[in-house]
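The residues making up each chain are set out below.
There are 2 protein chains.
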Amino acid sequence: MKFNPFLEAIKTYESGKDMDLVAKEYGLKEVIKLASNENPYGTSKKAKEAIINNAHLAHLYPDDTMSELKQALAQKYDILKENLIIGSGSDQIIEYIVHAKLDHSKAYLQCGVSFAMYEIYAKQLGVKVYKTPSLTHDLNELYELYQKHKNEIKVIFLCLPNNPLGECLDASAVFEFLEKIDEDCLVAIDGAYNEFASFKDSKKHINPKELIHKFQNAVYLGTFSKLYGLGGMRVGYGIACKEIINAFYKLRAPFNVTNLSLKAAVAALDDDEFVQKTLENNFSQMKLYEDFAKNYKIRYIPSYTNFITYFFDEKNSTDLSEKLLKNGIIIRNLQSYGLNAVRISIGTEYENSRFFEEFSKNF
Amino acid sequence: MKFNPFLEAIKTYESGKDMDLVAKEYGLKEVIKLASNENPYGTSKKAKEAIINNAHLAHLYPDDTMSELKQALAQKYDILKENLIIGSGSDQIIEYIVHAKLDHSKAYLQCGVSFAMYEIYAKQLGVKVYKTPSLTHDLNELYELYQKHKNEIKVIFLCLPNNPLGECLDASAVFEFLEKIDEDCLVAIDGAYNEFASFKDSKKHINPKELIHKFQNAVYLGTFSKLYGLGGMRVGYGIACKEIINAFYKLRAPFNVTNLSLKAAVAALDDDEFVQKTLENNFSQMKLYEDFAKNYKIRYIPSYTNFITYFFDEKNSTDLSEKLLKNGIIIRNLQSYGLNAVRISIGTEYENSRFFEEFSKNF
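Note that the protein sequences, when read in sequence, are chains A and B.
This note's numbering numbers the first residue of the first sequence as 199 and each following residue consecutively.
This note's numbering numbers the first residue of the second sequence as 199 and each following residue consecutively.
So that you can see chain A by itself, here it is in the shape it has in the complex:
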């Protein structure tokens, strides 16, 4: 059977290892996963209750207007419901961006190393990718490339803070950059971890309302998968002017988010205590990872997220990840990003102590 030729260029995405499968494979009693930047404090109590209280409604199709969650997000950000689209994770909004603006004759721009899904979706359409020489976000380099290829570049992805490297631009610098970009180029501000950055340093805070009111060509991406502890429920969102939201809506399949996910997300937004605890613990535990790296003379970039990335000079990140895996610690090897580095999600105090223990033994 012949398939559309563009499929040939697509590699099938291979996901990280599941904890249960790792436990079985290596005969382990305990497996600690510090690989997917999930919330180490679990699901918020309110979100869990919302799921349990609505489990008996699992037979009913979701409210496809998603009005309850849109109302809650509109209130949080002081925007209109018409400025919102909800996706199966913010990944799905990335997919809409790529499909609405790009094709094989166009290009998108990102820094040297950023979230893998931008490129995965772009390659599905044969879209060209421009990356800056610097791995982290450098606005001068980004602007230089944009200027040189502005006829092709119709989307720019800025990941603030950046996954998998952890650095973050100041909001003021981003707004200045946006002033220089043509109105026909869509600029996506991926704020999947922006709450973490904002907590550490308010200068990093992107205000979606201000963003979309100043720039008709900007879209802000948010998610419930990280701070809000709902990685398994697949809920993210895009915030933009109505014109952009309407275009994305044309690409959305009906019922793209489950009814329990919608209920859980509404409840999670209301759980301030859980959010505060997560943010505070994250950065107090992050300090331990920084101190640990200094002790072992490991290079790292100060992180504005819920993970930290260690770079190696002599040791091989693949060997190290595999050794840790066999001892029940899953971290993310970054060789697939072309880096001899690992990304470690900041876990609970206990999980982190286990990481330090196993890492010390195997480093």
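The hints are simulated quantities; they were obtained by calculation from the structure and are not laboratory data.
All values derive from a computational prediction rather than experimental measurement.
A virtual CB, placed ideally from N, CA and C, is assigned to each residue, including glycine.
There could be a bad hint or two in this list.
Said to hold, decoys possible - List of simulated lysine-lysine pairs, DSSO-like, C-alpha gap at most 27 Å: (1) A:LYS440 with B:LYS321; (2) B:LYS215 with A:LYS279; (3) B:LYS440 with A:LYS321; (4) B:LYS200 with A:LYS321; (5) B:LYS513 with A:LYS279; (6) A:LYS321 with B:LYS222; (7) A:LYS485 with A:LYS279; (8) A:LYS279 with B:LYS209; (9) B:LYS378 with A:LYS200; (10) A:LYS209 with B:LYS448; (11) A:LYS329 with B:LYS215.
Unchecked claim - Label-pair distances were calculated between CB atoms; the ranges are: (12) A:ILE208 with B:LYS222: 53 to 63 Å; (13) B:HIS411 with A:ILE208: 41 to 51 Å; (14) B:ASN444 with A:GLU223: 20 to 30 Å; (15) B:LYS407 with A:ILE208: 50 to 60 Å; (16) B:LYS222 with A:TYR447: 21 to 31 Å; (17) B:LEU323 with A:GLU512: 46 to 56 Å; (18) A:ASP380 with B:ASN444: 32 to 42 Å; (19) A:LYS348 with B:LYS412: 31 to 41 Å.
Could you slot chain B onto chain A? The hints should help.
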């Protein structure tokens, strides 16, 4: 801002009315929804328990290999896990079919009136649609159109039984038809309601194993949204030879199904009692709808599904649907399919009695 030109041709999908919103709008205490073919007996006890017992894991990304659910489905159908792909509803598998095989230079074929999502996905790519003159499946007409346009037609959708009309072809006739279709044309057998048809008449039963072993160009679609009572959880699947599954996998975004949906689906497969009760009650209640139609001299097609479609000669289906809506009964008006007809999901005994009551008053 300019978007890709193909977006202009796409109409935004408008979903059915949500019960809570209808209740608010019309100030109703009770709203009965017989519009989306959901399971009127709710969520199976086992599935509900699986959701409740796993709610505390909502922060963890789903196992993207989906091995537990694939194992359960492989066992149910006596096939390999490699013959399976899981989607966010079987809708998502329809999307993969369209995107893997079709573009603006190709066409797909269906009977006169069938599931709306085939055409919605096809239009996103500017794909041509051929429909038979007959509203219901007529294999001779389908074959005639196929023969005439076989250079263009690269996908055929057969909906067995057919949504929204309810009729169903015999499996033996479908297999004979498949013998005559070229290997490069993908034939999708949409079995979303096939369990209902098989229960009523075993001649309607499509055996996915037999189908894919005989035909390398066939894909079977199944869902957990109807019989298995998980419409809100968005789980469906495709069964085909490995070559087709591999092509679809290239189009799949990671984590396309929530972790609680996977757990619920595994549990639902194991709840035979719930499934049996649903099937038995469905057809005993269906009989009441047939008798009711005969009394009122309303035309209907004998249904092999969990819904029945009433056709009107003089009354207008839009007026009637609106009258019922104001009285708290939501049914599906089929004017958008070009039919002066309504589709009514078979509900519980009480729900159906309320439908008969309000229908009698307003007809």
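Here is what the structure says about each hint:
This hinted pair checks out: A:LYS440 and B:LYS321 have alpha carbons roughly 23 Å apart, not beyond 27 Å. Annotation: proposed proximity of B:LYS215 to A:LYS279 holds, straight-line Cα distance about 18 Å (limit 27 Å). Taking the CA atoms of B:LYS440 and A:LYS321, the gap is near 23 Å; set against the 27 Å cutoff, the hint holds. Taking the CA atoms of B:LYS200 and A:LYS321, the gap is about 21 Å. The hint holds against a cut of 27 Å.
Using a Cα cut-off of 27 Å, the hinted pair B:LYS513 and A:LYS279 is violated, with the two alpha carbons roughly 38 Å apart. Taking the CA atoms of A:LYS321 and B:LYS222, the gap is about 46 Å. The hint is violated against a cut of 27 Å. Distance check on the hinted pair: A:LYS485 and A:LYS279 sit about 39 Å apart at the alpha-carbon level, beyond 27 Å; violated. In summary, the hint linking A:LYS279 to B:LYS209 is supported, as the alpha carbons are separated by about 20 Å, within the 27 Å threshold.
Distance hint between B:LYS378 and A:LYS200 is fulfilled; the C-alpha atoms sit about 18 Å from each other, no more than 27 Å. Restraint check for A:LYS209 and B:LYS448: satisfied, since their Cα atoms lie roughly 6 Å apart, inside the 27 Å limit. Annotation: proposed proximity of A:LYS329 to B:LYS215 is violated, straight-line Cα distance about 45 Å (limit 27 Å). Separation of A:ILE208 from B:LYS222 is about 45 Å and departs from the stated range, judged on CB atoms against 53 to 63 Å.
Range check, B:HIS411 to A:ILE208: about 27 Å between beta-carbon atoms, so the 41 to 51 Å window is missed. In this structure, B:ASN444 and A:GLU223 meet the distance hint of 20 to 30 Å, their C-beta atoms being roughly 24 Å apart. Range check, B:LYS407 to A:ILE208: about 28 Å between beta-carbon atoms, so the 50 to 60 Å window is missed. The supplied range of 21 to 31 Å is met by B:LYS222 and A:TYR447, whose beta-carbon atoms lie about 23 Å from each other.
The hinted window of 46 to 56 Å between B:LEU323 and A:GLU512 holds, with their beta carbons roughly 51 Å apart. Range check, A:ASP380 to B:ASN444: Cβ separation about 40 Å, and the 32 to 42 Å hint holds. About 54 Å separates the C-beta atoms of A:LYS348 and B:LYS412, a value inconsistent with the hinted range of 31 to 41 Å.
The earlier numbered hints that this structure contradicts are 5, 6, 7, 11, 12, 13, 15 and 19.
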